[in-house]
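Asker: The primary structure of each chain is shown beneath.
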Amino acid sequence: MNTGIPLEYFLILATIMFFVGVYGFLTRRNLLTILMSVELILNSVNINFMAFNRYLFPHKLEGMFFSLFVIAVAASEAAVAIAIIINIYRRFITINVEDVDEMKH
Amino acid sequence: MTANQLMFILFSAMIVVFSVLTVTSRRILRAAIFLLFVLVSTAGLYFMLNYQFMAAVQLTLYAGGIVVLFIFSILLTSHISQKFEPVGWKKSVFSAIAVTAGAILAIITILDYNFSATTQAAQEVNMKLIGKSLLATGEDGFVLPFEVISILLIAAMVAAIVVAKKGGPGKTQSQILNN
Chain A
1 MNTGIPLEYF
11 LILATIMFFV
21 GVYGFLTRRN
31 LLTILMSVEL
41 ILNSVNINFM
51 AFNRYLFPHK
61 LEGMFFSLFV
71 IAVAASEAAV
81 AIAIIINIYR
91 RFITINVEDV
101 DEMKH
Chain B
1 MTANQLMFIL
11 FSAMIVVFSV
21 LTVTSRRILR
31 AAIFLLFVLV
41 STAGLYFMLN
51 YQFMAAVQLT
61 LYAGGIVVLF
71 IFSILLTSHI
81 SQKFEPVGWK
91 KSVFSAIAVT
101 AGAILAIITI
111 LDYNFSATTQ
121 AAQEVNMKLI
131 GKSLLATGED
141 GFVLPFEVIS
151 ILLIAAMVAA
161 IVVAKKGGPG
171 KTQSQILNN
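Order-wise, the sequence lines are chains A and B.
Quick note on numbering: our numbering labels position 84 of the first sequence as 84, and the sequence is numbered without any gaps.
Quick note on numbering: our numbering labels position 161 of the second sequence as 161, and the sequence is numbered without any gaps.
One thing to keep in mind: the hints can contain errors.
[Claimed, not checked] Using 35 Å as the maximum straight-line C-alpha spacing, the simulated DSBU-like pairs for lysine-lysine come out as follows:
(1) Lys60(A) <-> Lys165(B)
(2) Lys83(B) <-> Lys166(B)
(3) Lys60(A) <-> Lys132(B)
(4) Lys90(B) <-> Lys165(B)
Hints in this document: simulated from the structure, not taken from any laboratory.
Bound conformation, chain A alone (with noise of 0.2 Å):
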């Protein structure tokens, strides 16, 4: 199982998408690409625990339930996330971040 590939190119591979989601965290100013930038944060994480997991401590399950509870916790994120956008997009007809700046003021 598993012969030839060793752990640290998964780690890069996290490495890699993890800040790929930064990137578009950082230049992306529509509320729903920055929640799909979270995501990919969030995913690339759950790569790095299911690798540890297989590769370090074969003979214990806590990666995995770490990863399943980070789905669920990214699941209720982006339902709560998305159900404020269509809140938002409600009152300013935009989903746009430079223009919802009404409670800043």
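Once you've looked at the hints, dock chain B against the given chain A.
Answerer: Frame of chain A, contents of chain B only:
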């Protein structure tokens, strides 16, 4: 090169390419579809690691649930052929520099660290074991985070309904359009 390595190269190339496209695509619906490809390839990686249950959860919950939620809200909030204006070069260049520096630092740290695996035998992960550990107390039990996550899911469900409900003290759409 074994088939395993070939599959890993395929999945990782898909993940890298499509995640870059997700954060750079100027059409929001295409960004959501690229995100779907990233999540499906991640499920493939979980299959490679022999965690079939997690791969199924990834496919049903992420690819089947969250992406559909995204697509619905995209259709509700933006015009389908709308294109974003391109990101300013200053912002994109400085973000790219910061992100590349962070990635290089993290990769150097990973390659520098000496991971040591245990010698214990691998455990077969089947559904019975997962169900028993989720509800077990004691050393290998996860009943406390299980209960916490169920309360969180209930709270999120109620919050999503309350927040997205129509009405309330805010202005309606027609009032804003009239102003």
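Asker: Going back to the hint list, which numbers does this structure go against?
Answerer: Violated hints (numbers, rising): 1 and 4; every other hint is consistent with the structure.
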